[in-house]
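Engineer: Sequence:
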Amino acid sequence: LARAAGERQTLGRQRLSASEGSMVIREFIPGSSERDLEQLLPAFLAIWNAPENLPFLSFSLRPFTPDLVRGWFEQHIAAGVRYFAALDESSAITAISVVRADPIGVFELFAMAVRPDAQHQGVGRQLVAHATDVARSQGFRCVEGAVFADNPRMLRLLIAVGFQPIRMEYHRRADGADL
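Residues 1 to 179 in the working numbering are what the sequence shown spells out, letter by letter.
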């Protein structure tokens, strides 16, 4: 799915952090901040490995391990990957988005997941809007995101905010699901 970065339908902010009511979105830089690593790693593992989320995030359908995720975090800056998290009023992480910017290619909403108890509250929509803002602030004109075909919630969300299907990849996940 892809969307033109300039076609955002909600309020146009270009800040790299945003506040919506009691929710705050902030960037975590685990590759250079031990504090960010300590806060992001357990939340990432809990959210990514939640039974409701894992099938839509893991090509192998195997849970993510601390060592694997820590390795991603160590390499994220060189790979052009950034992590944004939605924090509730108690500063607990309720959702995480992972974006990747290729300066000669595309800006990609690489992955996003919301804690199961925080779903259906608009958190995902705010993270998508934030990713679009970040893309626009970096001069990108389009945002792409890959979604498994059996993930109707994410498909509905992205289509509702203006993304359009651009290609289909068949049998990408271990169980044969399409992307």
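Calculated from the structure, these hints are not laboratory results.
Idealized CB from N, CA, C, for every residue including glycine.
Among the hints, a few may not be true.
What the hints assert, rightly or not - Here are the computed distance ranges between Cβ atoms for each label pair:
hint : residue 1 : residue 2 : range
1    : P103      : P55       : 14 to 22 Å
2    : G176      : S137      : 36 to 44 Å
3    : A160      : Q75       : 14 to 22 Å
4    : Q75       : V106      : 25 to 33 Å
5    : E89       : G176      : 25 to 33 Å
6    : D102      : L179      : 29 to 37 Å
7    : G105      : Q75       : 12 to 20 Å
Engineer: What hint numbers does the structure not satisfy?
Structural biologist: Hints 1, 3, 4, 5 and 6 not satisfied by this model.
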